[in-house]
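Undergrad: The primary structure of each chain is shown beneath.
There are 2 protein chains.
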Amino acid sequence: MQSKKRTTIYDIAQKLNIAASSVSRALSNSSHVNEATKKLVLKTADELNYKRNNLASNLRKGQSKTIGVVVPFINQNFFSNVIAGIEDASYQKGYNLIICQSNELESKEIKCVNTLINQHVDCIVISLAADSSDHRHLQNIIDNGIQLIQFDRVADELETLKVINDNEQASFEAVSHMIAQGYKRIALLEGPQNLHIFSQRKTGYLNALKKFDMPILDELIIENAWTKELGAKATRKLLSLARPPGAIFASTSDFSALGVLEVASAMGIKVPSELGICGYSNEAFTEITSPSITTIDQFSVYMGQTVANLYFQEMANKDTEVVPKTISIKPKLIVRSSTLRKG
Amino acid sequence: MQSKKRTTIYDIAQKLNIAASSVSRALSNSSHVNEATKKLVLKTADELNYKRNNLASNLRKGQSKTIGVVVPFINQNFFSNVIAGIEDASYQKGYNLIICQSNELESKEIKCVNTLINQHVDCIVISLAADSSDHRHLQNIIDNGIQLIQFDRVADELETLKVINDNEQASFEAVSHMIAQGYKRIALLEGPQNLHIFSQRKTGYLNALKKFDMPILDELIIENAWTKELGAKATRKLLSLARPPGAIFASTSDFSALGVLEVASAMGIKVPSELGICGYSNEAFTEITSPSITTIDQFSVYMGQTVANLYFQEMANKDTEVVPKTISIKPKLIVRSSTLRKG
DNA sequence: TAAATGTACGCAATCGATTGCAATTCGAAA
DNA sequence: TTTCGAATTGCAATCGATTGCGTACATTTA
Numbered sequence: 011m012q013s014k015k016r017t018t019i020y021d022i023a024q025k026l027n028i029a030a031s032s033v034s035r036a037l038s039n040s041s042h043v044n045e046a047t048k049k050l051v052l053k054t055a056d057e058l059n060y061k062r063n064n065l066a067s068n069l070r071k072g073q074s075k076t077i078g079v080v081v082p083f084i085n086q087n088f089f090s091n092v093i094a095g096i097e098d099a100s101y102q103k104g105y106n107l108i109i110c111q112s113n114e115l116e117s118k119e120i121k122c123v124n125t126l127i128n129q130h131v132d133c134i135v136i137s138l139a140a141d142s143s144d145h146r147h148l149q150n151i152i153d154n155g156i157q158l159i160q161f162d163r164v165a166d167e168l169e170t171l172k173v174i175n176d177n178e179q180a181s182f183e184a185v186s187h188m189i190a191q192g193y194k195r196i197a198l199l200e201g202p203q204n205l206h207i208f209s210q211r212k213t214g215y216l217n218a219l220k221k222f223d224m225p226i227l228d229e230l231i232i233e234n235a236w237t238k239e240l241g242a243k244a245t246r247k248l249l250s251l252a253r254p255p256g257a258i259f260a261s262t263s264d265f266s267a268l269g270v271l272e273v274a275s276a277m278g279i280k281v282p283s284e285l286g287i288c289g290y291s292n293e294a295f296t297e298i299t300s301p302s303i304t305t306i307d308q309f310s311v312y313m314g315q316t317v318a319n320l321y322f323q324e325m326a327n328k329d330t331e332v333v334p335k336t337i338s339i340k341p342k343l344i345v346r347s348s349t350l351r352k353g
Numbered sequence: 011m012q013s014k015k016r017t018t019i020y021d022i023a024q025k026l027n028i029a030a031s032s033v034s035r036a037l038s039n040s041s042h043v044n045e046a047t048k049k050l051v052l053k054t055a056d057e058l059n060y061k062r063n064n065l066a067s068n069l070r071k072g073q074s075k076t077i078g079v080v081v082p083f084i085n086q087n088f089f090s091n092v093i094a095g096i097e098d099a100s101y102q103k104g105y106n107l108i109i110c111q112s113n114e115l116e117s118k119e120i121k122c123v124n125t126l127i128n129q130h131v132d133c134i135v136i137s138l139a140a141d142s143s144d145h146r147h148l149q150n151i152i153d154n155g156i157q158l159i160q161f162d163r164v165a166d167e168l169e170t171l172k173v174i175n176d177n178e179q180a181s182f183e184a185v186s187h188m189i190a191q192g193y194k195r196i197a198l199l200e201g202p203q204n205l206h207i208f209s210q211r212k213t214g215y216l217n218a219l220k221k222f223d224m225p226i227l228d229e230l231i232i233e234n235a236w237t238k239e240l241g242a243k244a245t246r247k248l249l250s251l252a253r254p255p256g257a258i259f260a261s262t263s264d265f266s267a268l269g270v271l272e273v274a275s276a277m278g279i280k281v282p283s284e285l286g287i288c289g290y291s292n293e294a295f296t297e298i299t300s301p302s303i304t305t306i307d308q309f310s311v312y313m314g315q316t317v318a319n320l321y322f323q324e325m326a327n328k329d330t331e332v333v334p335k336t337i338s339i340k341p342k343l344i345v346r347s348s349t350l351r352k353g
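Chains as they are written, first to last, in the working numbering: chain A, 11 to 353; chain B, 11 to 353.
FYI, nobody ran anything at the bench for these hints, they're computed from the structure. Possibly wrong hints are sitting among the right ones.
No distinction is drawn between identical chains; accordingly, a pair holds when it is met within one copy or between any pair of copies.
As the list claims (entries may be wrong) - Computed cross-link-like contacts, DSS-like style, restricted to lysine-lysine with a CA-CA straight-line distance of at most 27 Å: (1) 118 to 53; (2) 49 to 243; (3) 15 to 103; (4) 121 to 53; (5) 48 to 121; (6) 342 to 118; (7) 25 to 243; (8) 280 to 61; (9) 280 to 247; (10) 194 to 25; (11) 61 to 71; (12) 221 to 25; (13) 15 to 71; (14) 121 to 71; (15) 118 to 103.
Given these sequences and hints, build the entire structure.
TA: Structure (structure tokens):
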């Protein structure tokens, strides 16, 4: 393995009988080289199949042109889209991506962060694990002089660059829409409230109810209904109430909403006429269920691009210190059949 | 930016008044250090918040403990699952992942490969772009002493490590199943034949027809019906034939199958009684369409783990040369409502 | 012609960690 | 007491690319 040695600038230098420094300058297109020798070096480099050793280059230059990304799961729609967006923007700037998944565990998240620090990445982009409570490892990133950008699931109290969705507003609009459709007694399936994204969605829900003078009913607010199964379970509970809800807002995810839909279908309850359903995330499948599910699009790919470009922008003015900044992307309510019972 | 300098082994050495080499040995838990000094070094390293500079370490050691991955799109279900599998297995071995997407373009694929070579990754894992025809860049990987593992979409003629699905067999089983269900005139939606995965699926289709003495009808074989839209278009064409097909095998993807289903529903054609539909990939949504769609599961996460473990296995016996080896994973036919019209 | 400016290129240090070899210490065996 | 070897530790080279500084030579200007 790895038996053959790669050609280095010294090999090129030796062959052309010049100094390695000249080779380096030629390859980096410096102005302090003669055009003739530059061409010669380039030609020889090509002949010898030279590839720059970025490890050495980065070590010397003190930067790695690499962005580290930590997400709970790579293969969740939202995150894979964000990563695709980051990759897209980063590639254009010649940056590489190192990807880690925290599996929603703080312990693994910490290890991932440490690995990335060791790798001397220039920037770490992170969306917190569900059980991440202590944020010393994030502070550690900053202390090591690495740019930190949080997205979606952020630690509010840390003053860093952030890219988030306006969850509260989106949630407010979704619930307002359901109210406008004449739904009463709108239930909420909520996620772990230590993640701000979920508490914000709850706030949006509460605000909408308040604005339209609708009562807030504790029995209609179900904690931790994150998955399809939990959504289904919550729905069974809600629908067996003495006064069941007229609509259910699965603020955690579309999967949860799917669970709602399946239980409703199984119980012979008609959607949207007897029960309205709204999910969150605009997963591909929401379009093809019957009825199709109203949901909220988060512009995930765009979000990834925004994250990367935010970093490059900040880097562009190196001189000025980075000021904490939050970019809020407004999600879009996608109204579909599951909440449409008027015109 | 990057203003503060990180602590190095020299800082630790200076503080303890010992040589840097001793610090290095202590940190790498070498046996050639006194237990007392080892403890002292570890303690001081912790106090000074020391993080090893992997760039330097890797440069010196001539290996990067990094695996490069090139896929067409990170945010396609199959690929994000494979990547999750690779990450999972790699993380356990202390390896990092650098991820690139080729966007199905050979030109970008080549650039990605070159970047990874420059990064001195230890291994490159790749699934070819649809328009990748020339494979010099893959040869280049090998010539640079980097282990190459192809998966799913592989270049057969290159003798490398490969992890593939037995597409032919899976396809054969799917078509056999449809025949057993009594479907006649089974149509095939096929993908670009320069990708072997698609030509293999076609072969499986043809073999099944042959085995059961069914005629091969060219009018029932539609090229390039890869997406939902193209699947829909193909279906309109097929269903308007003088003698339309009794079933459609969308061998390209579940999205294509979804296009088939939507057109059939729109035309009032009953699935599965009047038309059988089978997709490929076991996308999440196939379970929730009505009727649910018969498809083929590729065990994508497992495939990723297999890829990574194949690499680690080969590395385990460094002495012996790596022999080209192909691991074939048998996909599983998932029979659902869309092809079930008997018992 | 002398001085000044500029171009091209080599030397050597540097980034931070690792490692072969040499040097030192210390206790044990002869 | 001398000798040998094991255990520690230090020295210095090394991985490959970059870059500040200095030098040699050519060109321009006074």
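Undergrad: If a hint holds in the structure, say so; if it does not, say that too.
TA: Each hint tested on the structure:
| no. | hint | result |
| --- | --- | --- |
| 1 | 118 to 53 | between (47 Å within a copy, 23 Å between copies) |
| 2 | 49 to 243 | neither (70 Å within a copy, 53 Å between copies) |
| 3 | 15 to 103 | between (29 Å within a copy, 25 Å between copies) |
| 4 | 121 to 53 | between (44 Å within a copy, 19 Å between copies) |
| 5 | 48 to 121 | between (45 Å within a copy, 23 Å between copies) |
| 6 | 342 to 118 | neither (33 Å within a copy, 32 Å between copies) |
| 7 | 25 to 243 | neither (73 Å within a copy, 60 Å between copies) |
| 8 | 280 to 61 | neither (64 Å within a copy, 59 Å between copies) |
| 9 | 280 to 247 | within (17 Å within a copy, 35 Å between copies) |
| 10 | 194 to 25 | neither (82 Å within a copy, 70 Å between copies) |
| 11 | 61 to 71 | both (17 Å within a copy, 18 Å between copies) |
| 12 | 221 to 25 | neither (78 Å within a copy, 64 Å between copies) |
| 13 | 15 to 71 | both (23 Å within a copy, 13 Å between copies) |
| 14 | 121 to 71 | both (26 Å within a copy, 22 Å between copies) |
| 15 | 118 to 103 | between (29 Å within a copy, 14 Å between copies) |
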